[in-house]
Amino acid sequence: MVLNREEILERMRRPASDRLGLVITPLLRQKESDVFDADSVDLRLGCYFLLPKTLDQPFFSPDKTSATSLHVRVHVPLGEFLVVPAHQTILGATLEFIKLPSDVSGEVLTKSSVARTFIVVETAPWIHPQYRGCLTLEIANVSNTPVLLYPGRFICQLILMHTADSPEEKPDPSYFGPVYPEAPKFRDPQDDLLKIGVTKVSRLKKTRVNWKNGKWVESQSEVDKW
Amino acid sequence: MQTRLAAFLHDAAVLHTFADFIEEYCKEQARSQRYVDASGDFFRYSESVAHQIKLKIGNDVDRAQSFPPAIALSRIDTLRRNALTFKGYLRLLHTLIKPAADAHTLSIPAPLVKLACEHLKQIEGMDGSKVVVLLTPQLMYFQRPHSHVKQQAAIVGRLIPQAEKFPARLGFIELPYSQGPGFFTNLAIYHEMGHFVYEELSSSPSPSAGIRALQRATHKSVTEFVKLERKPQVRKLAEKILDSWTQEIFCDLLALYLVGPAFSFALVEIFALLGSLSRGKRTTFSQEHPAPACRFAEHLRFLRDASTWWTAIAHIEPQQKKLLAEFATIPRERYRVDGDDAPKALIDPFLDSIIPRIRELVREIAPDPKLAAARFDKTLVTIEDCLSVGVVPHSSTGSPPEPVSIINSAFCFYLTSLPDMVGRFEEGPGASANAEKRSKWTRKLEDWTMKAIEDSQVRTQFERMERDGPQQGRNS
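As you go down the protein sequences, you meet chains R and L in turn. Here the first sequence stands for residues 0 to 225, where the numbers follow numbering that gives the first Met the number 0. Here the second sequence stands for residues 0 to 475, where the numbers follow numbering that gives the first Met the number 0.
One chain only, chain L, in its complex shape (with noise of 0.2 Å):
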């Protein structure tokens, strides 16, 4: 007995180091940096959370050594084994506190993520919801699934009831970390957030109509592509991949249901740094994701036909709408599968019956998107000329550009119009198509256009002032 307690007690007190450490270094961030809401509930709750363990370990150290003999390694072993959990959760916290350290107001793009959050209550079933943004060294964007993380906060919480409880409603987003300060490519994070949703509406316990049709959409096509392999085993891989894939679309419109055309241009921009642009990876389906010419056309038959937009940029021009048309006329029997051809046989229920049921779902739960497109058409030609000579868009007589509009308006101006901008500003021939100046001044562009979103949100704050009165602990 003596020897499991010498053991439990050299467990207790490793774990109470790193629970310290959690606890303190969660406690060193609001000190030394600036963070979005999100990230500040989840630096308290992990610091709480620590100091509950500490607590908890300290308790169970004075209880281990004073149980009768008769019942003692029982019970160490139980003490032993919740030491364990409580390492787990904290190892999984301890994944997610650095990069969300790293990803403080000045090294990502604070007033999108504030905005693209505002957004997120927007829709149907995600009141009261949050994201915390995470820096990652791999150039990609990422959701980081949060039911993990609640499911084991769940059973730590069942063990020391006192623990704070994990706040609701919190997603998680990776941004590549060389991305982090830019504006354009981080509307890639429209997508992330779409993962949270989906994963939020799925694992509901009453989930939605447009829920329930498309799981039934999914079990169907599933059923009859286990029919068709006669393999019995492959169930739960075609289960997994036309999961991925529903998510990807699901994500993809719920983005451009929030902000228009951008999302697609921004998703052009980065998957041509990616080099998925390619003629071979262009049509290709991965295990995770639908080729992005699926994507494409998908966004296209948004744009065009699920809402104003494509008439409203009818006259922009940019290459990257021409790539949008150009890919979704690319014909569905010229996608394939990478690796493995056989799922290639889900492709087909995927496109006609599955995805119909994502569109449904989208309009289910998102904004109406014409109110968006008709906000932007309204007032393009006063972003621009803010833009063109250099100057953070506003309006001089009506009222202020939306940042739906602000956000379109500069990406079609960043498209078109930036070797102009270059040339009309830079001395020297040829300035307009040097590279790092072009740089530079997609820089500046950058900075007026996220400029114009943190002034929107002030003055929205003042206005909501104006009108109602000052409201209760409500701070940009």
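Chain R on its own, in the form it takes in the complex (with noise of 0.2 Å):
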């Protein structure tokens, strides 16, 4: 069942340590309705970015790297824009800092009127009991233009839906309360394709042919990586 706005408001009075209590933190509205729906919480675009860098190699893999090598964190201050180029993707996140309870799910929707400029916020919409933390958006301009982004402006609505009370769980730490957006973190994949036995995998790795003796020789140690 969805929290309605008097459920959600009466969750966010709560101490922040009572594990039944919601924050969403800074919050801000001259009345209720100015952030809340019937059923649903508008969410503002935060400040910091994570742009695609240009890569030093022909693919994308996700892998140990991924975390450090594929973006680069920019700062837009309120009243500043952010362009986001046709058919271009970046990170960003919520202005708003979240903290659900442990009998409850959220769920990210781009707010409508973002979407019908063709800018789609979230892909992995889904957030577990107990998350806290600024959401990461996965921000995709689908559009044939250039879009502007606004921190501070509502770009999504927040959904949040009872489940079953869970016990209190230790936290994954690794994505535990970011306030700015988050690369994925992946290990490599022969490590995760280990766990359900499989023990040969394929690898990419970059190799260098030096003219030697009249003829081409293939050197990989001068090029262990990309």
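It should be emphasised that the hints constitute simulated quantities derived from the structure, not laboratory data. There may be inaccurate statements among the hints.
Stated by the list, open to error - Rough simulated footprint, nothing fancy, chain R against chain L, three-plus residues with beta-carbon under 8 Å:
# : region
1 : 381-395
2 : 419-428
What the hints assert, rightly or not - 20 Å max Cα-Cα, derived PhoX-like pairs, lysine-lysine:
# : chain 1 : residue 1 : chain 2 : residue 2
3 : L       : LYS439    : R       : LYS63
4 : L       : LYS443    : R       : LYS184
5 : R       : LYS169    : L       : LYS439
6 : R       : LYS169    : L       : LYS443
If you're wondering where the values come from, they're calculated on a predicted model, not measured in any experiment. Every residue, glycine too, gets a C-beta built ideally from N, C-alpha and C.
Given two chains presented individually in distinct reference frames, assemble the corresponding complex, making use of the accompanying hints.
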């Protein structure tokens, strides 16, 4: 069952440490209807972004290095804008920091007005109970024109749903409490696959050929990494 | 004459290239990164002054080639001297521009810097002040004296009347680049800001009563010292030493008035990082700094006697508090001066005559610290409650916590409850003692603290708009 405005407000009045308490901060509003619908809360775009880097390799491999090598972080203060070129993707985050209760899951949806500009905000919208942090938003401009994004404007809405109350568990510390958009964290593919018994894993490796004794000889040792 | 003209034309071309680089580099910064307001102002100023120098040089080159032969030599010499002045000024800006460019908003604690600038404006006589942050390769915080830059700017302004004026009340503070994005140790910027305040107040054409009283006390101490030493030549050195010590205590006290005991805790962290808390060093004055024991004794006196902070943090027991108390009990007889022992005779007059005047001066210009301590007392439990479960400090029912309360509560939490928090969220025995995990959770704690400060700034702007309506040109 989806939480309605009254229950959302009641949960928000509880202390942060109450496991049934809900945190959404800062919630800037002159009146409740500025941010609350009957069954959802509107969230604003934050000031930090991760923009894709031009890679030094001809592909993206989701592995250990992707957290630091994929993106460059930028800060766009309130009042300024960020241009998202046509058919480009970036990572942003909500201005609001959120903590979900232990008996509530959440879903983030693009605000309909934003969606009609062909900005798609979430492709992994589910939020687990007890999650805390600013929500990382995968923002894609699927239109044919560049679009301006202004931090501080509404961008998505949060829907909250009851789940069976689960006992307090240790959260995954790698995604715990972020206040900036977070790059994905992966293990190396062979480490993931070994867990299901796969012991042969293909990898791409950069090689170089040297002209030696009248023929091209491949050398891997010179260029160990991409 | 031809040789001298040729030399001038060569110098002018070199200067043009230099000014052109400065102009383009500063322009580029606005396009590539975000900076705190003051840095933006500084880049715009530097860009503009470099542009004006280029125009002036172009104009001077034309003039140099058309002087009548009778006066050409002396006129060209004048132009060369002017060119040297411009070069010297650009060289000065050059040393500031790169470290300012390195200090964009992602590499410094921008919300803290913004807060510190807001605090700076609350100090009597410092309205409209701004601070440019620089990153330094040294593991130390500094304030770059700005009077010299202003003087040079004024000289250039006389030679190029249409050049933009150097921004009024613009200070420069240096942060070690390794500490840039952190939060807790960067509270040291409050001390460095104090140097900027002191420089502004003491160079004012009409100094305040507090400054005059301090100057009289210093003069008397120096005169007695010179008599005692029977060496008139030591006067300058004694003045320099006392001025340095005075500034250090002034800056510490001003930081304490503005940000409370969190500043003392930050200073302990920095001294520990620098190795200044060893038995030998804690009682040692250098020519630039009073001994850590002397400084912390003054901190304790402020926290306990001149404010209500000590009561407010009475039930919190971090090691740092004990250290302050321990340092404060060290008798002054154990103070010594590094190297040459002659300045030791300055310590007693410094403690007895000068420090009381510093206290009066700071009390005169800084806001009353009692209010901040009372607010801290009210919101400490709420803020700790948030941090203990990994949530950005906020209030779910009452008014949102003030930045100084957030800073002090978060610092106390960091000093006393970090191991518990690590143990709560990390798997495995001994997690709370693991250095890597502690470091990771310290960073998270700093992020949440900084986010709370940033939220408070956004909320203040929102509330101001609600109360007064939109303000012209005001932005976060």
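Exercise for the section: Please work out if LYS169(R) and LYS439(L) have their alpha carbons no farther apart than 20 Å. Expected result: holds, 16 Å
Problem - Distance restraint between LYS439(L) and LYS63(R), which requires alpha-carbon spacing of 20 Å or less - result: Holds, at roughly 18 Å.
Practice task
Examine the region 381-395 of chain L for residues whose CB is less than 8 Å from any CB of chain R, and state whether their number is three or more.
Solution key: With 10 residues in contact (Cβ-Cβ under 8 Å with chain R), the coverage given for the region 381-395 of chain L holds.
Exercise for the section: Take the region 419-428 of chain L, compare each residue's beta carbon with every beta carbon of chain R, and decide whether three or more fall closer than 8 Å. Expected result: n = 4 at 8 Å, threshold three: holds.
Problem - Agreement of LYS169(R) and LYS443(L) with the hint, judged by alpha carbon distance not exceeding 20 Å - result: Satisfied, since the Cα-Cα distance of roughly 16 Å is no more than 20 Å.
Practice task
Quickly compare the C-alpha distance for LYS443(L) and LYS184(R) to 20 Å and report which way the hint goes.
Solution key: Holds, at roughly 17 Å.
Of the numbered hints stated above, none is contradicted by the structure.
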